[in-house]
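Q: Each chain, letter by letter, is given below.
Protein chains: 4
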Amino acid sequence: MKRTDLALEARELWRENTASALPPGAETETREEGGSTLEALAVTSGEAAEALGKGVGKYITITPEALLRREEGAFEAAAALLGRELRSLLELPEGASVLVAGLGNEAITPDSLGPRTLRHVLATRHLVSSLPETFGAFRPVSALATGVLGNTGMESAELVKAVAEKLRPDAVIAVDALAARRLGRVCRTVQMTDTGIAPGSGVGNARKELSRGTLGVPVVGLGVPTVVDAATLAADLTEQAGLEEISAADFGEYGGGMMVTPREIDQQITLMARLLGYGIDLALHDLSVGDVTALVG
Amino acid sequence: MKRTDLALEARELWRENTASALPPGAETETREEGGSTLEALAVTSGEAAEALGKGVGKYITITPEALLRREEGAFEAAAALLGRELRSLLELPEGASVLVAGLGNEAITPDSLGPRTLRHVLATRHLVSSLPETFGAFRPVSALATGVLGNTGMESAELVKAVAEKLRPDAVIAVDALAARRLGRVCRTVQMTDTGIAPGSGVGNARKELSRGTLGVPVVGLGVPTVVDAATLAADLTEQAGLEEISAADFGEYGGGMMVTPREIDQQITLMARLLGYGIDLALHDLSVGDVTALVG
Amino acid sequence: MKRTDLALEARELWRENTASALPPGAETETREEGGSTLEALAVTSGEAAEALGKGVGKYITITPEALLRREEGAFEAAAALLGRELRSLLELPEGASVLVAGLGNEAITPDSLGPRTLRHVLATRHLVSSLPETFGAFRPVSALATGVLGNTGMESAELVKAVAEKLRPDAVIAVDALAARRLGRVCRTVQMTDTGIAPGSGVGNARKELSRGTLGVPVVGLGVPTVVDAATLAADLTEQAGLEEISAADFGEYGGGMMVTPREIDQQITLMARLLGYGIDLALHDLSVGDVTALVG
Amino acid sequence: MKRTDLALEARELWRENTASALPPGAETETREEGGSTLEALAVTSGEAAEALGKGVGKYITITPEALLRREEGAFEAAAALLGRELRSLLELPEGASVLVAGLGNEAITPDSLGPRTLRHVLATRHLVSSLPETFGAFRPVSALATGVLGNTGMESAELVKAVAEKLRPDAVIAVDALAARRLGRVCRTVQMTDTGIAPGSGVGNARKELSRGTLGVPVVGLGVPTVVDAATLAADLTEQAGLEEISAADFGEYGGGMMVTPREIDQQITLMARLLGYGIDLALHDLSVGDVTALVG
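Chains as they are written, first to last, in our numbering: chain A, 1 to 297; chain B, 1 to 297; chain C, 1 to 297; chain D, 1 to 297.
One thing to keep in mind: the hints can contain errors.
Copies of one chain are not kept apart here, so a pair can be met inside one copy or by any two copies together.
Distance condition first, Cα-Cα at most 25 Å in a straight line; then the derived DSS-like pairs of lysine-lysine [said to hold, decoys possible]:
(1) K166 - K208
(2) K58 - K161
(3) K58 - K166
(4) K58 - K208
Rather than coming from a laboratory, the hints here were simulated on the basis of the structure.
Isolated chain A, as found in the complex:
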């Protein structure tokens, strides 16, 4: 069983297992923009959803090649692209309020994408009243790190729901680490989707769903693949080596709590969390990259 949270890889698996590029009821479109590749997948029918294992909705995958090569000006371009796509997916009326939820555990590097992204998200809601001359014209944005709340023993989804009921935001952005099938994708692509965060996402911990269905307002799921799990690795390794299929159970100690990551995972997640945070700020406010640096770093 190969596990992936990426629409891109779900499509790839479909292509490997069938002769066709896409199931009926699914459409895809790819374009290059300012050093990044953007692939949009629209799942429009229940049949396509079942075939791909991805709910009905839009999935946008951005691979910021120029940024990954550390090219000049690439961060501004990638953050701006991310901001524009997120803004377009959210379709927020002026002044609409947003709750940004960072899921995951800061103490486990590959699970820390959500809380690390929040470090760069400008939470304006409490500033509007205390510093109106500076923040009066900003959209009200709240930030919630559920990992810290996780110490209360409440489920992340339950907590987002409880806080959303009090704050009544017009939309929710839920940021979480994703699992990929291929190591080559880890910390190299950003996925955003209007289907929210699906159950079983992240580094393998069951979390309840966060979606329009459970929260009553639009929920955009935003994430980056940060791990490949050991079973998926094992299956891939044997295939690549031209061996017969073997099960994860054969691998004993590797089956359970192990994960495979790039050696420089901390630095890569740091960069991706910064990109996501800046993208969110640029989507929600009219700011430059330098403004975000001055306001939240």
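Starting from the known structure of chain A, arrange chains B, C and D on it as the hints suggest.
A: Chains B, C and D only, in chain A's frame:
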């Protein structure tokens, strides 16, 4: 106007302003134990409460002199004393659950006592199910850093209440930074009280009350003085210099957002937060200092 | 005795104590640029140096008003101005190597400017060989946090000297926290000077001099005032209140280890350290603000 | 090629490849003590050194089983055992000075053992003069994080040497992350050896040797395995699955910059770094676990 959150200083002010040691309806008792001085104040009547500006209840002030001199074995002794007194103030039945709320903003050093204390508090609630063989026998403890929640724009007290309604703990410990009148007390005493956290506590930010009256369960307020505000300093300075009384307004820029702290405030708060965290763990579970070090550091 | 590390305040004290604007042998020039005020002071004679208590050399003080008001685009403008002035003060030949030394103790907030600035400084020296395709064209820059080295028990200046002897950089930038006379200047101005770091700078700890005289290469001192010491405060307070001069000794406990800082000192130093770090990167390399964000955050 | 830094695994590989338990010139001894297993290996001849791939000297491996099970009192016991063994390996005269070097990069979790251990090491050298009443009787200990120094572009070993030449310590303790062959050993054993740190240790980065030969004083290497490299994993996986031997080259992308770690690597390294730091403090000074907590946390 001299501002203090310390029962010890409220009593001191009473003594300075009247001829008597204490108002009727208040009792005090001092003892030395293992290198610390402990002063207990009981306020038993409304008249005494009004006279002292401190609600009806018990106030325990611990000054860990041996620890402040970095004497051998002093940390174990002070943490154990704190643990015993806190346990006795809480009077918890076996297995009773506790919510520990850390108030304050981690990014402002003198306001960071609450969240820093939480770093050393063992939150067991979510561990009982995931690691029953290790944590099955522990009391369920939840930890909540309201400062991070503060990014949501909800009041700290409102959030503690919302979470307490969901979790229904049998008692709450609220940790917060306090304001002192004398610089000599900053980061040198611990105060705990069964009256909870009074409005206006902390570094001058109005926070709503956390008490048995507002939460419906026993609430112990636990804190350490971390600042003297500029107005109090100004008044004290002029008195010490034998000058006439002058008002804070005379001091222009010093009146507002300034605070006076010891030069080594970060290190001192680090030590006090560790002491409080260990004290809480020792009060709530049967652990040694080394066990706490291994479990939460 | 009023203590200041700021050329701006040295000039101010001269003006208060004499009838003249400047001593002979000193010149000043002020201009506004992109939301910042820049004051340049040139001390050209030994007499002027003695009169002002500042060595012969250039002093540039930048007050980034627009940034302090959090205006749009202000960070880019202030970082660019800082970068240009620093570049002009350094006069580096192409490819010349630089050692950036961050002085001070990260654990003491007002003394943490140096190490915090280093977090945003791109140290390229070790990257040129490991990632030549990305960093091959960069100037070799080394970063040294002496505070951590301080744990070795060697003096900061001695350590910078030892490392400089091994690395043989073409220039040194020494970043340190400064002491101001007026609270209103704390975390609001940046000073850079080609005289290096003078003895006794910073939060009152004697550190040996870092200058062309002691290191053999040009040394630029770069700093921000982060504290007013208690004695200076006391003297100022009494003056403002129209009282007679009193000495710091009158203030007992306030005289020694106390310091006065703005309530939000952590956030302010965070912003100033970011500004300094970005300014250094822009001075030493051809980068945009977004490039710096992607590379070092 | 299976890579390991562990003497325990070198012996294991010898046993797997030959019929004998140990080569001539090597001796081993195992005992249990206070919840830990201790295995001592003495390599006494050049032939044994070559056969095992481990230099002539003593290797002590401690597996703190009780601590890994989070048993009560296990941290005190394990830290005390580590302290006693380290003290015995160092054989320091009274008052002898020590330099503790933490190798590795704090930004890469599995390489962060060295710098994280330093957080818990009491650096007394600079305190003896500033706080003689508290630290006057302590042994002078200096701490050096070479990772930060790594930003200067000097080799870690070169820097330790440069600092050692200035400070002239009587002994050096070098702490570094190690590579293991088996995932089951990652973050579960501590190795100390009087042979210092061998070249090629750590997470695969070539570092020059730190030993009595290069530093002129006794050097104890202290480490914990934190990774298995991808090639070793691949070889092990295929063996376990009963497959023929295949080379790492077969695994394409997995060969290079990937590593395999337990999911909870951050927390496990945090605990191991704390254990090592406390062990060093207990070896070098007469302190209790609580004293160390109060002094360095």
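Q: If a hint holds in the structure, say so; if it doesn't, say that too.
A: Consistency of the hints with the structure:
| no. | hint | verdict |
| --- | --- | --- |
| 1 | K166 - K208 | both (19 Å within a copy, 17 Å between copies) |
| 2 | K58 - K161 | within (23 Å within a copy, 38 Å between copies) |
| 3 | K58 - K166 | neither (28 Å within a copy, 34 Å between copies) |
| 4 | K58 - K208 | within (20 Å within a copy, 43 Å between copies) |
Violation of the numbered hints given earlier is confined to hint 3; every other hint is satisfied by the structure.
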